[in-house]
Amino acid sequence: MRHTDREYEQELQQLRDAVLLMGARVEQMTSGALSAFERLDLELAKATIALDEEIDRLEMDIDERCVRVLARRQPVASDLRFITTTLKIVTDLERVGDLAVNLCERVLELDAETLKPVRVSLVQMGDVVSDMLHEALDAFIQADAARAERVILRDNVVDATYAKIFPELLGYMIQDTKSVAVAQKLQSIAKYLERMADHATNLGEMVVYMVRGEDKRHANKLGRS
Amino acid sequence: MTAKADVSMSPPLLGVSSSEDEPATRVAGETRATGRTATTKDESIKIRVEELRASYGDAEVLKGITLPIQSHKVTAIIGPSGCGKSTFIRCLNRMHEVTPGARAAGRVLLDGLDINREDVDPVRVRRRVGMVFQKPNPFPTMSIRDNVLAGLRLNGLRIKNPDALVERALRHVALWDEVKDVLSRAGTSLSGGQQQRLCIARTLALEPEVVLMDEPCSALDPVATAHVEELIHELRESYTIVIVTHNMQQAARVADFTAFFYMGLLVEYDLTDVIFTRPKERRTEDYITGRFG
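Just so you know, the protein sequences line up as chains F and B, in that order.
Per my numbering, numbering of the first sequence is gapless, rising by one per residue and ending at 1536.
Per my numbering, numbering of the second sequence is gapless, rising by one per residue and ending at 291.
Simulated from the structure, these hints should not be mistaken for laboratory data.
Here a beta-carbon is modelled for each residue, glycine too, at the ideal position from N, C-alpha and C.
Careful, some of the hints might be misleading.
[As the list claims (entries may be wrong)] Just a few of them, taken from the derived set where beta-carbon distance is under 8 Å, the chain F residues facing chain B:
id: 1; residue: Met1312
id: 2; residue: Arg1313
id: 3; residue: His1314
id: 4; residue: Thr1315
id: 5; residue: Asp1316
id: 6; residue: Tyr1319
id: 7; residue: Leu1381
id: 8; residue: Gln1385
id: 9; residue: Val1387
id: 10; residue: Ala1388
id: 11; residue: Ser1389
id: 12; residue: Asp1390
id: 13; residue: Arg1392
id: 14; residue: Gly1524
[To be verified] What follows is a list of derived Cβ distance ranges for each label pair:
id: 15; chain 1: F; residue 1: Asp1352; chain 2: B; residue 2: Leu269; range: 35 to 43 Å
id: 16; chain 1: F; residue 1: Asp1316; chain 2: B; residue 2: Phe137; range: 38 to 46 Å
id: 17; chain 1: F; residue 1: Asp1374; chain 2: B; residue 2: Ser216; range: 28 to 36 Å
id: 18; chain 1: F; residue 1: Asp1367; chain 2: B; residue 2: Asn135; range: 53 to 61 Å
id: 19; chain 1: F; residue 1: Arg1461; chain 2: B; residue 2: Pro78; range: 33 to 41 Å
id: 20; chain 1: B; residue 1: Pro220; chain 2: F; residue 2: Lys1399; range: 50 to 58 Å
id: 21; chain 1: F; residue 1: Lys1502; chain 2: B; residue 2: Pro78; range: 53 to 61 Å
id: 22; chain 1: B; residue 1: Asp179; chain 2: F; residue 2: Asp1374; range: 46 to 54 Å
id: 23; chain 1: F; residue 1: Thr1402; chain 2: B; residue 2: Asp179; range: 49 to 57 Å
id: 24; chain 1: F; residue 1: Asp1442; chain 2: B; residue 2: Glu232; range: 39 to 47 Å
Input sequences plus hints: build the corresponding full structure.
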């Protein structure tokens, strides 16, 4: 149901649109960074880095809108959960943008197609991460908690892949010390992807909170449901 | 609940006595003790409302409300106009029946005592359950001092040390410093916010156990409202408070528990934190977020 106050309704809609736009830009950066890595496309890497400025601007714009709604509307219940979730989501999205920049910077440093098998694993890992991010954002826009929960579950898949990559790289480094420099960069990229998945997981957790009012964070460690 | 011996208002108010007072206390005490054993198991509940129905003529305004009022807590009743929230609190001290054509059914158990029982004197109920109204209504012809004492005098109570009582009551509502030099001035000479605090002092002078507030800040500016809200926080230590408010932010600020009424029914009752962050009922959600109707 819509708000009786149309202006308020419009403010919330504009905020939703702004998050949607920021999400789309972050997805664009992530997929750009991954394509640049896969194809060693240096131009694409540079173009992707340039997108970060817009992400930063959007983050500030959304924060400001949220603060304005808090100050002027004193939102409660689902509106309050939407605003507080949005404030946190943009921080995660901005971090994903930064990680995409980091990934592109490593791509610019990679000059040869060595350690192919690890690269293939990383590309596959990247596909999962991209999909998690996409699903988390869709879950946010559609207020779909079940979809968000499926995103949270996929973090384990990414963590498992990440755990396998380091020993694999270590093997290459031991075999051939000339591979150390490249292996180190690939290890960094693996770390960036693993972090991106963590941020996508955070988004999923926040969507569950926004929709149901349930806090899913740290469920295992703190012994809460 | 051992009468009000431990509340901060008590020392000067113990100076109040009347021929009626002793039996009244004793009778109430006995009834309460009996009632408690018989019906009220949970000591934290001050008033237990069960299947309360109320009507004016043919119009049924409350359609069966069951709600606990927790002791020493603030319970806010929210809901759109006509939902029955004012009628509800007027049923808690038998003010409802004062309106011609008004009827009520169901049970209102004050410490286990059914206040609607035939042998219960409504005047005594109102001494235990006081009320503060929407518009500050000090008696226009009375001084500030006499306004504080008015309730006691109207109840025919002898006041042993009126000056100390007036000071204590006015201190309790944080009005003493502002009015101590002008006590003989008319109550109506005060600002709206001060008048409302004076009315609260007048209610507290009767040493009630429960204070009902019907939109107590709707005629006040934000600063005066903040004073009254601050006062509500403090009063909770000594009294059980039920507040009806149109201002949802006010309910969110002052209440421990919030009940949402709609068309004479209780839609949802929960901790205020829960109601304002994750209400369970769609109608509550729609009302508090402004998506109603």
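These are the hints, each one checked on the structure:
no.	hint	in the structure
1	Met1312	4 Å, holds
2	Arg1313	6 Å, holds
3	His1314	5 Å, holds
4	Thr1315	5 Å, holds
5	Asp1316	6 Å, holds
6	Tyr1319	7 Å, holds
7	Leu1381	12 Å, violated
8	Gln1385	5 Å, holds
9	Val1387	5 Å, holds
10	Ala1388	5 Å, holds
11	Ser1389	6 Å, holds
12	Asp1390	5 Å, holds
13	Arg1392	7 Å, holds
14	Gly1524	3 Å, holds
15	Asp1352/F / Leu269/B: 35 to 43 Å	56 Å, violated
16	Asp1316/F / Phe137/B: 38 to 46 Å	41 Å, holds
17	Asp1374/F / Ser216/B: 28 to 36 Å	35 Å, holds
18	Asp1367/F / Asn135/B: 53 to 61 Å	58 Å, holds
19	Arg1461/F / Pro78/B: 33 to 41 Å	39 Å, holds
20	Pro220/B / Lys1399/F: 50 to 58 Å	31 Å, violated
21	Lys1502/F / Pro78/B: 53 to 61 Å	55 Å, holds
22	Asp179/B / Asp1374/F: 46 to 54 Å	51 Å, holds
23	Thr1402/F / Asp179/B: 49 to 57 Å	56 Å, holds
24	Asp1442/F / Glu232/B: 39 to 47 Å	56 Å, violated
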